[in-house]
Each structure stands twice: as structure tokens, then as C-alpha cells.
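Colleague: In order, the protein sequence lines correspond to chains F and V. Using the working numbering, you'd call the opening residue of the first sequence number 1 and step up by one each time. Using the working numbering, you'd call the opening residue of the second sequence number 289 and step up by one each time.
In case anyone wonders, no lab produced these hints; they're calculated from the structure. Idealized CB from N, CA, C, for every residue including glycine. Treat the hints with caution; some may be incorrect.
Taking CB as the label site, the calculated pair distances span [to be verified]:
| hint | chain 1 | residue 1 | chain 2 | residue 2 | range |
| --- | --- | --- | --- | --- | --- |
| 1 | V | 420 | F | 73 | 16 to 26 Å |
| 2 | V | 345 | F | 49 | 45 to 55 Å |
| 3 | V | 536 | F | 237 | 48 to 58 Å |
| 4 | V | 357 | F | 82 | 31 to 41 Å |
In case you want the letters, here they are:
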Amino acid sequence: MKRKSRGAFLFLSPSVLLLLIFFIVPIILTICFAFTNMALTGSAARNLQFIGFQNFTNMFQDPDFRISVLRTLVFLIFSAVIGQVVLGFILALLMKEKNVTFRRIIGIIVIAGWVTPEIVVAFCMVAFFSDNGSLNQIIGWFGISPVSWLFSFPMVSVIIANIWHGTAFSMMVYQSALDEIPKDIEEAATIDGASNFKILSYITIPMVKGSIVTNMMLVTLQTLGVFTLIYTMTGGGPGTATQTLPVFMYNQAFVNYQFGYGTAISLVLLVIGIVASLFYMKSMKVKV
Amino acid sequence: MVKHRLQRNIQYGILVVLGLCFLLPLFWILLASFDTNAQQGIRFPNFTLDNFSAVLGDSGNLRSFGVGVILSGGQATLVVLASVLAAYPLSRYEMRFKKSFLLSILFMTALPITAVMVPVFQMFLFFKLQNSIFATMLFLTSSSLPYGIWMMKSFMDSVPIDLEEAAWIDGASVWGGLRRIVAPLMLPGIATIAIFTFSGSWGNFFVPYILLQTPEKLPASVTIYQFFGSHGMVEYGRLAAFSLLYTMPSVVLYMFSQRYMSKGFSMGGATKG
Numbered sequence: 001m002k003r004k005s006r007g008a009f010l011f012l013s014p015s016v017l018l019l020l021i022f023f024i025v026p027i028i029l030t031i032c033f034a035f036t037n038m039a040l041t042g043s044a045a046r047n048l049q050f051i052g053f054q055n056f057t058n059m060f061q062d063p064d065f066r067i068s069v070l071r072t073l074v075f076l077i078f079s080a081v082i083g084q085v086v087l088g089f090i091l092a093l094l095m096k097e098k099n100v101t102f103r104r105i106i107g108i109i110v111i112a113g114w115v116t117p118e119i120v121v122a123f124c125m126v127a128f129f130s131d132n133g134s135l136n137q138i139i140g141w142f143g144i145s146p147v148s149w150l151f152s153f154p155m156v157s158v159i160i161a162n163i164w165h166g167t168a169f170s171m172m173v174y175q176s177a178l179d180e181i182p183k184d185i186e187e188a189a190t191i192d193g194a195s196n197f198k199i200l201s202y203i204t205i206p207m208v209k210g211s212i213v214t215n216m217m218l219v220t221l222q223t224l225g226v227f228t229l230i231y232t233m234t235g236g237g238p239g240t241a242t243q244t245l246p247v248f249m250y251n252q253a254f255v256n257y258q259f260g261y262g263t264a265i266s267l268v269l270l271v272i273g274i275v276a277s278l279f280y281m282k283s284m285k286v287k288v
Numbered sequence: 289m290v291k292h293r294l295q296r297n298i299q300y301g302i303l304v305v306l307g308l309c310f311l312l313p314l315f316w317i318l319l320a321s322f323d324t325n326a327q328q329g330i331r332f333p334n335f336t337l338d339n340f341s342a343v344l345g346d347s348g349n350l351r352s353f354g355v356g357v358i359l360s361g362g363q364a365t366l367v368v369l370a371s372v373l374a375a376y377p378l379s380r381y382e383m384r385f386k387k388s389f390l391l392s393i394l395f396m397t398a399l400p401i402t403a404v405m406v407p408v409f410q411m412f413l414f415f416k417l418q419n420s421i422f423a424t425m426l427f428l429t430s431s432s433l434p435y436g437i438w439m440m441k442s443f444m445d446s447v448p449i450d451l452e453e454a455a456w457i458d459g460a461s462v463w464g465g466l467r468r469i470v471a472p473l474m475l476p477g478i479a480t481i482a483i484f485t486f487s488g489s490w491g492n493f494f495v496p497y498i499l500l501q502t503p504e505k506l507p508a509s510v511t512i513y514q515f516f517g518s519h520g521m522v523e524y525g526r527l528a529a530f531s532l533l534y535t536m537p538s539v540v541l542y543m544f545s546q547r548y549m550s551k552g553f554s555m556g557g558a559t560k561g
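Isolated chain F, as found in the complex (with noise of 0.2 Å):
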């Protein structure tokens, strides 16, 4: 028996005011700010104007901007896609059918990454790559000279860290998708004498492939916002090395304090977010 709404709008009134002030006005105001020359010092703070595309015309002629969209790209395709998804997967595929104290103590030692606040990541990880850091130790026992790999190597660096941070998710999903493969299906395979990459590729992929998509685009999502993780470790530096769009987005707005230019390049940002998060809820095939 469901009944008619009387009351529901009463019900969902604080959520509906809520979104409205902080998710959609913001929204809106991003698209109105965008074409303006606000700015919190000098003559523009005062007379604020209506520019049209100025803003858009100078970002896309911006060198900075252009490579940050790459270093973005970069970022997206080695620490969401290939590092988080491709990594934990295969976390996934080699804890199966092991152990089960053996894949519980992996399990806690990834999960206790992603558990880890971002801020607290970025520090672990600074110690971790800095000139006398974990890693110039170990690669020192080997006769290798320490690198740095913070100024040498940052895009590689927080590319890393993030993988470390984020892989745990991704695991998870697989984990519980893999495990819902009936185990007949790929047993019959085996006594038909399929190898395991047959097996891998012909059964198994396919059969959690709609986790493989829907992950993918939520950890490309949330990869896309990443700004704690970077601006803590490297400040978006050495120079503008590792200046992905949040960072070049905040530099712009809060170093700069161009506000109308850095809403011009959040306005980008979300539009990759919603062009992004559009192909999500296809994959999702939500029913509601």
C-alpha cells in the first residue's frame, strides 16, 4: 500500500533547502562568475563587469592552463585508472581462494591507506620519498644512489601516493564481485582444460565487467578532485610541476585572488565532473 504525498514535501524540506544554498546556487553562481572580472585586490575588486568569454579566451591561450589539463590527464590515467583500478584488481584476483588469515592481514594493510586521512597520507608519503626517506634507504641496500624524488620525480611521487591511498576501495569493490561468480562456471572451464588466462579472460572479466566500469568511473571521479594529496605534498610545485586543475584552480582564486578567472577554471573542472559523472549513472543502470 503506498500513499499519496501530503506531507512529503515537508519531509524533504531541510535536505531540498540545504542542496539549494550550498549545491545548486553555488552551481549557478559558478556559471555567473565565470564571466565576470571579479577579483578581491585592485580596481576590479570595486567595479565589478560583466567580460563575456575574456576569461575563457585567456585561459585557453594560458600555457599554465593547457599543461595543467595534460598534468590532470596524467594524473587521471596513472593513479585512477591504471594504478587504483588496474592494482586492485589484481589485489583482488590474487587474494581469491587464499588463505583466509593471509588475505585478511593483506586486506587490513591496504585498507589501512585508504583508512588514513589524505593529509596524513601526504606526510607518510613526503617521508617516504624525501632524500633520506624509506625509499633512498632501500634502494641504498641495492648500491643505488639516493634520489630526489620529490624534486626529480613529483608527478611520479604523488602519482604514488594516491595509488597508495586509493587502491583499498577499488579492492573491495572486485573482492565482493569476484566472489559472486558462481564457482561451478569457472571449475567446468578448468577440467575442459582452459588455462588460467583463458579462464581470466573469457570468464571472469566479463562476468564482474559491470564493476570493472562502475568503479572506473567513480574512482576517475573522485581522482578528478584530488587537491589535499598534492598541495600538501608538493604545493603543486617543484615549479608548477605537479599543478593539476584544483591546484592551478586554487592558486588562481585564493593565491592570486582572481576570483572570476579561477570560477572560469571550476567551471571546467565541473563540467568534466558532470560530463564524467553522466556516464557513471549510465553504467550504474540504476533502477528508482
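Got chain F; can you put chain V on it based on the hints?
Modeller: Below, chain V without anything else, positioned relative to chain F:
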């Protein structure tokens, strides 16, 4: 058979190596927190608790933990209240705009919050809300509300409507049914959402970093950054101890949520009996 065993051993070997890679960065923070002369590399300390007593003896640090608890605790409470209310009609009523509402909620859960930080700051500036813990709490609430509503609705769907109907026949109102029948049966779900919300914002650095300014109002997630940003010579031992203390609530809450989660899944069966 021999080939098979070899293969298994190789797999175990790869897992051990991967496990060690994941363990290493954490291992350092554990050791450094007990070492007053900690450096960036791994070394075995003469175990002392000095770092912890130094961190806990500082009233500024304690206050930042307190602010964090207020901010995240307030947010978690508001998210639970608002999403229980919102989930009720979404789960029980027939409404014209239900489908589009739920789809927009799902859409919002996926949107990266980073993208709206600049306009939100401008809004706070305009309404003179910067540095207000309460306003920051409200923003955090709405940022995790879509996820809260979505989860709460699916938890509520699994509470059978028959129980509520029985209560109505006994004279309970809609509100009374929600409060006395549905909410208690959903406790595992409510706890899960509260825990997820709390630890999410406990670990959130960006939002309070942008919206709050005076040192007394900053939660632990921001003070920890100033710790390694501004002191010149970084005291690694203390920073590690602070990090560890700051990470503990997330770890403990995660373990709790696991327990609630497994209870939550068996809930459907329990109520039928």
C-alpha cells in the same frame, strides 16, 4: 599438480611483496611517533611516549581536536536527521518528481566538491560567513547529504512497511511510525551513515582550510598542515604522534562501521521473523 602449486606460491609471493609496499609508509609513522629524535628515514627508536605527551599537553592541539569533533559530529547529526526525513517520503510515498529527484541526488553524489569551492567561498564572503564554524558545518552537511539520502533510502526500503501499517492501525501517526518503528529498525543503517559522514569530514582538509581562518577555529585536519608548514625545523616525532592520534578516530570508526554493516545486511531477515 606441481605446476599448480608453484603457481600458487608465486601468487603468494607477489601478494607479500605488494603487502610490504603498502606497509612501508605506515611503518615509518608508527616508529617515528615513539622516537623523539625521529628523522625521515626508518629507524628503530628507544621507545618513549614523550611525543604523545607533548602533543596532548598542548592546549592548542586539544582545541583543534575539539573543533574537529564539533564540526564533524554536528555535521553527522544534521546529515542523519535531514536524510531520515528525506528518505521517508522517497521510500514510502508515490510522488510525481521522485524519479528525477533521486536521479539528481545520485548525480550530486558523484560531483567532485572541489569544483564548487571557489563560488562557495565567494558566497561565504558575500554573506560575511567566513570563519563561522556553524556555516562551515552546514556546507559540509549539504556536501554529504546526497550520499546520505541515497544510502538512507535504500536502508529504509528494506524495512517492511507491514510493521508500520500495524502501528497505524493501533493509532500511531505517520510521524510516530517513523520515529518509533522505522528509525529503531534502521539503527545499523543510521550508524553506518553517521560514521561515514563523520570520518569523511574528520579527514577533510580543503573545506575548513578555505572557509575558516583564525587558528582557534581550525580543526585538527588543518592544524596538522600548519604543523609541518610553518615551524621551519619539522619535529618529525611530534608530527608523527599527532598524525597517529588524528588518524585513530577514522580507524576505530571504520572498524565499527564494518560491524554495523554486516548487521545491516542481515536486518531484512531479522524483521520478517
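Colleague: Does each hint hold? Answer for all of them.
Modeller: Going down the list of hints, with the structure as the test:
1. 420/V with 73/F: 16 to 26 Å: 37 Å, violated
2. 345/V with 49/F: 45 to 55 Å: 53 Å, holds
3. 536/V with 237/F: 48 to 58 Å: 31 Å, violated
4. 357/V with 82/F: 31 to 41 Å: About 38 Å separates the Cβ atoms of residue 357/V and residue 82/F, which means 31 to 41 Å holds.
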